[in-house]
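Colleague: Starting from the known structure of chain A, arrange chain B on it as the hints suggest.
There are 2 protein chains.
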Amino acid sequence: MDFIQSMRFPFVLVMGISLIALATAFWLINWVMAKDTGTDEMRKISDAIKAGAEAYLRRQNYTIITLSGVLAAVIFVLYAFVRQHNEHDPANSMQLALCTTASFVAGAACSLIAGYVGMWVSIRTNIRTAAAARTSLNDALRIALRGGAVAGLFVCAMSLIGVGGLFIILKVLGFPYEKIPFMIVGYGFGASFVALFSQLGGGIYTKAADVGADLVGKVEAGIPEDDPRNPAVIADLVGDNVGDCAGRGADLFESTAAENIGAMILGVGLIPYFGWKGVVFPLVARALGILASIFGVLVVQCEEHEDPMDALNIGYYLTSFLSALGFAGAAWWMLRSEAAPNAWIYYTACGFIGILTAQAFVYITQYYTEYKYRPVLEIADASKTGPATNVIAGIAVGLECTAVPVIVISIAILASFKLGVQALGPAAGLTGGLFGTAVATMGMLGTAAYILAMDTFGPITDNAGGIVEMSHQPEEIRKKTDRLDAVGNTTKALTKGYAIGSAALAAFLLFSAYLDEIFNYTGVRIGVDLSKPEVFVAAMLGAMLVFLFSAFAIRAVGTCAQTVITEVRRQFKERPGIMKGTEEPDYGQCVDIVTLGALKAMIAPGILAVGAPIVVGLLMRGFISETQRTIAAEAVAAFLMVGTITGILMALFFNNAGGAWDNAKKYIEMGTHGGKKSDAHKAAVVGDTVGDPFKDTAGPSLHVLIKLLATITLVLAPLFI
Amino acid sequence: MDFIQSMRFPFVLVMGISLIALATAFWLINWVMAKDTGTDEMRKISDAIKAGAEAYLRRQNYTIITLSGVLAAVIFVLYAFVRQHNEHDPANSMQLALCTTASFVAGAACSLIAGYVGMWVSIRTNIRTAAAARTSLNDALRIALRGGAVAGLFVCAMSLIGVGGLFIILKVLGFPYEKIPFMIVGYGFGASFVALFSQLGGGIYTKAADVGADLVGKVEAGIPEDDPRNPAVIADLVGDNVGDCAGRGADLFESTAAENIGAMILGVGLIPYFGWKGVVFPLVARALGILASIFGVLVVQCEEHEDPMDALNIGYYLTSFLSALGFAGAAWWMLRSEAAPNAWIYYTACGFIGILTAQAFVYITQYYTEYKYRPVLEIADASKTGPATNVIAGIAVGLECTAVPVIVISIAILASFKLGVQALGPAAGLTGGLFGTAVATMGMLGTAAYILAMDTFGPITDNAGGIVEMSHQPEEIRKKTDRLDAVGNTTKALTKGYAIGSAALAAFLLFSAYLDEIFNYTGVRIGVDLSKPEVFVAAMLGAMLVFLFSAFAIRAVGTCAQTVITEVRRQFKERPGIMKGTEEPDYGQCVDIVTLGALKAMIAPGILAVGAPIVVGLLMRGFISETQRTIAAEAVAAFLMVGTITGILMALFFNNAGGAWDNAKKYIEMGTHGGKKSDAHKAAVVGDTVGDPFKDTAGPSLHVLIKLLATITLVLAPLFI
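For the protein sequence lines, the chains are A and B, in the order given.
Positions 75 to 795 (this note's numbering) are the ones given, in order, by the first sequence.
Positions 75 to 795 (this note's numbering) are the ones given, in order, by the second sequence.
Please note that the accuracy of each hint is not assured.
One copy or any two copies: either way a pair holds, since identical chains are not told apart in the list.
What the hints assert, rightly or not - Result set (DSS-like, lysine-lysine): computed pairs, CA atoms no more than 27 Å apart in a straight line:
hint, residue 1, residue 2
1, Lys-647, Lys-458
2, Lys-674, Lys-458
3, Lys-245, Lys-654
4, Lys-654, Lys-553
5, Lys-109, Lys-750
6, Lys-750, Lys-674
7, Lys-756, Lys-446
8, Lys-109, Lys-253
9, Lys-446, Lys-124
10, Lys-446, Lys-751
11, Lys-751, Lys-647
12, Lys-292, Lys-245
13, Lys-751, Lys-492
14, Lys-292, Lys-553
15, Lys-751, Lys-292
16, Lys-654, Lys-118
17, Lys-756, Lys-292
18, Lys-253, Lys-654
19, Lys-756, Lys-654
20, Lys-751, Lys-740
21, Lys-553, Lys-245
22, Lys-750, Lys-124
Everything labelled a hint here was simulated from the structure, so no lab data went into it.
Extracted from the complex, chain A is given alone in its bound form:
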């Protein structure tokens, strides 16, 4: 009774802030929608993008809903059967099967909605940004950012409401606090599952259209980017929305949801110290982070001749600062008890480590992908001797760029772990340390809403540039949108760095949650001992999965792009009026072809990702000897951990190599090494094209894969015992 009394306030706070965030999002939608939509020509183009994006997302969501339905049924059956088998308590077993399935469905539904809303706003903000660019850079910047913020706020608020809501519902149904986090892991899995397909489908769509449009348009026909004569140009613009908005929205939705649940599971271990407060702390910390993000978004503005990136950075620093304050307050309030009076200081330090880690990733990403620094200049130099040396240099940069992030993450994990151990003293053992890494992750995710706003800014300004170009606006307007577009490219790269950084930091937290869950079911605290052959083999298979998954994702782009190339060539050949500008190309046909291609291509890697951990777990169960009941659970943990390590490295490689190639090309286009149309530029275009599926398909899909592996093992843990 006392529990329920005192828990009321934090929950009201979390829900209240979430509702404020949603209200702000709606207010921002109204603010954006009231803006001018420019000329008829602009509206025509924007409508075509809108129609294509909505048609694609409708079909993609239909596919995802079907797959989710099938999986929900499988989860229910497995849970009902396996738990019944293990527990000999049919009633309890059925209840848990229902809970897990229901939270899976809820997670999947929320993830779909979050992705859809982000894209819905984005395809309406693009034209308003384009229209505003005709009069004021500041207006254009603010419209794009606030449009993007709708996605950010929606994603973060939805994830809080989902996790918090399920918590309350289960509490009202009478479950004990300490069991609830284990019952809502299905929510994280549902979110991951949808995120995987959204990111894969969107990522394949956007790059197949981009590569296809570029190779025939720019390289063969010699027409500029976004030229209306290119039949694939609308598909390319649609791709920016379905890949970057819908995909990344679903990605970060599941990050925040899964990592929140993981942190709550670890909080259960601290109930002797902080009671239920430790369990709810992650929700409160993140709610305060959302508030900070709202302030951050609202203050951003810039003068006509300022660098818009500086304006965005000011907003980001403010958000980080406010979120650090909120974090310290929440820690003081919730992570303090007589048993550990100073714990809150240590955990606040852990949170700060998370915030600093986020900053570090932003800097590292900039270093490796901006043309102010050595790596991109090296690639640009190598372009002088042709495409082969350009590609070799890019791959070397991509491989190299993994080093510093891994060192940063290592320091963050060890430092927050040591601080966590200090917080509760040696008596609490590893539990306090593990919670320290969880708190650091929460700190890192505090600014998620702002980061996501900056990310969605990317495709909005990209689209705005495309609309300005296609509607034949004067040169100076294009220059303005080009400036915003360049900033958008940077923010997109930063978000990927942030996403992979938080995935890496969260990895350890999610492993620990898994081990806690195994303990919860078996009473045995297992290690993950690589010196056992089954465990080592599973680890090797986990790393291999990352390579195979990447191969599938990259090949899917290649195959799908081929169909676009064939179609564009066909249109150019059969309708010579297109190139003369007297005949309009059939944009819709290209959009349809990419849509079908992307949907078909996302199935294989998706099934691989979901199926592999299940197969490995069940196979290893076959090896169980009487003395080692938990060997399958241990093998699956190794599969997950080493898969995660490899996934982090490969994602960094793909994202940064792709970003560096892109900017090496831009650097040459600015006039170095002969500028546009020089041989060096042609070489750089090859590198950029190679980087496209790296940075926008394989890399981002790997973020989701990592977290999917974590949540799928959390949900299916009972199967492996």
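Modeller: Coordinates of chain B only, in the frame set by chain A:
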């Protein structure tokens, strides 16, 4: 006394066979040297290659000897200091320091000699193969293979004599059998250390020369491969020798040595069952494998119109069959006792698993790199749409090709482990199982001498082709050497598959040896528990090392190739007579430039590889708490294991992507998609060039890195406790 009596026969056998192998090698040298050396023009070219290769190897060996000397001193000091510190027994400690340092020096020296002999024969066989090609394909084939066999026999015999000899010396000095394997781990480390620099230096040399020669010669000047007007052509031919012969020779020398020692360490655990026989079994099994290889090499011959690959395959099957017979015999003789009367049957089965794994890797490599199959055809198809899609397709193939080998290795490890457990029954526990994986590795390495003969066949025939081309022989002679060269490309790819397969299979054996050694020093049997933060962080750093090392290796080729390009362009510009054929280019200048560049470039990755495990181990020692004395040793084990897993995957990726690109180009050159000089061909040349540093620098260096990590941790284990 009884021990010494009964051990005499196996040791006499091992040493006897080793001496027979060396005698055969000398007989083969005489046989090859007696052959005709062709025309004066051919001799002139061959002499230039010889001079360049010997000059390079002299300088490289000088550098390596210096570095080895420094490291030997460091090892001595560390050992003397740390062991003194730990054991409080200065006399014993000094003895061990001396032993380890001496065996390090011996290993380094033998590795250098093995690499040198391989190259010495190769640069003398090339011209004789070229000369023989004028009259008979069979003669040319046999000369090339027998020249290659000198390297194979020398490497395998030297490694047996080294390990066996040290064993005898230490026994005579009065050390107990069960301590000796731990005392000679330095031998494996010395071999690895030299192999690392040989493979790195050679790999950078060969590809910098190749890429440089191709980019200016083939692409810019439009002259064919191996054209005498290209100033870098001699450097390119020298590169084949120093990279493929000297590098790979050192690589396989250390494989056989390190894995032998690892297997002997595990054999120590079985002394209760088989006595010292289990410790010596690996030596005997490999000695019989060498005998089998001699027979295999001697039977190879082919008719004028047969495929030379078929002839080589017949030799390989014979070697595998004989070595399987020998293996079963050795197991029956040495792995049988009253306590375990049927153990030899199970262990024979383990050996067969190793032999089958070798076969499987040969098939898989062929599937992914020959143009008869889907992967290469896919890359060739993608070349139609330009270099970007070609590169994307190649990377997808490279990533995909990791899947089946990992599954094969997983099955081999688990199956041999389970058989090993069966062999000794549950009472022996894991020890019997671990020895099972060691026996499988010995089975796989049984055919090493034959494989290495086929490998060295590659650069010999490559050089023979170059000599024929440069000395203006008639078209039909070139066709003959082209056929041999094509076979050589296949055998080189197969050897890489075999080398990485054996490294993967051996990995688990070497980890277990490390854990045994920690047990030997501390009496604590540690696991490698990834759920501890220090261990997880070390695992992440291990994976990162592989990426960073690859980045260094690939960048080194790029940088060094740039200097070649600049030099070739300079010669073309300053001496226009070269292109007209009236003036001879300055080959020596190019050779010098590549030599200096490669030597400089190999230092950074080499130091990184050697330094990283030491730094990680010592840093983690800083985290030692009183309750976890062995945490640093555990962290280093995780560093090694996850580094190995990542290394295996990346090596497969690099080797097979490179091989597939190479053959996609060859396939197009045969006339598909427009044949030579078509746009598809140009695109394929880009992919091939990107693949050059992949398959001949980064990939092979990673094999060595993996084994270096294993031996360095074995040697430095006492430091981490």
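Colleague: Now, for every hint given, state plainly whether the structure supports it.
Modeller: Structure-based check of each hint:
no., hint, result
1, Lys-647 <-> Lys-458, "between (34 Å within a copy, 18 Å between copies)"
2, Lys-674 <-> Lys-458, "between (39 Å within a copy, 23 Å between copies)"
3, Lys-245 <-> Lys-654, "neither (68 Å within a copy, 89 Å between copies)"
4, Lys-654 <-> Lys-553, "within (26 Å within a copy, 51 Å between copies)"
5, Lys-109 <-> Lys-750, "neither (36 Å within a copy, 58 Å between copies)"
6, Lys-750 <-> Lys-674, "neither (36 Å within a copy, 35 Å between copies)"
7, Lys-756 <-> Lys-446, "within (21 Å within a copy, 32 Å between copies)"
8, Lys-109 <-> Lys-253, "neither (49 Å within a copy, 82 Å between copies)"
9, Lys-446 <-> Lys-124, "neither (36 Å within a copy, 46 Å between copies)"
10, Lys-446 <-> Lys-751, "within (22 Å within a copy, 38 Å between copies)"
11, Lys-751 <-> Lys-647, "both (24 Å within a copy, 25 Å between copies)"
12, Lys-292 <-> Lys-245, "neither (59 Å within a copy, 73 Å between copies)"
13, Lys-751 <-> Lys-492, "neither (55 Å within a copy, 62 Å between copies)"
14, Lys-292 <-> Lys-553, "within (20 Å within a copy, 41 Å between copies)"
15, Lys-751 <-> Lys-292, "both (11 Å within a copy, 23 Å between copies)"
16, Lys-654 <-> Lys-118, "within (21 Å within a copy, 61 Å between copies)"
17, Lys-756 <-> Lys-292, "both (10 Å within a copy, 19 Å between copies)"
18, Lys-253 <-> Lys-654, "neither (68 Å within a copy, 84 Å between copies)"
19, Lys-756 <-> Lys-654, "within (25 Å within a copy, 30 Å between copies)"
20, Lys-751 <-> Lys-740, "within (12 Å within a copy, 30 Å between copies)"
21, Lys-553 <-> Lys-245, "neither (56 Å within a copy, 81 Å between copies)"
22, Lys-750 <-> Lys-124, "neither (32 Å within a copy, 46 Å between copies)"
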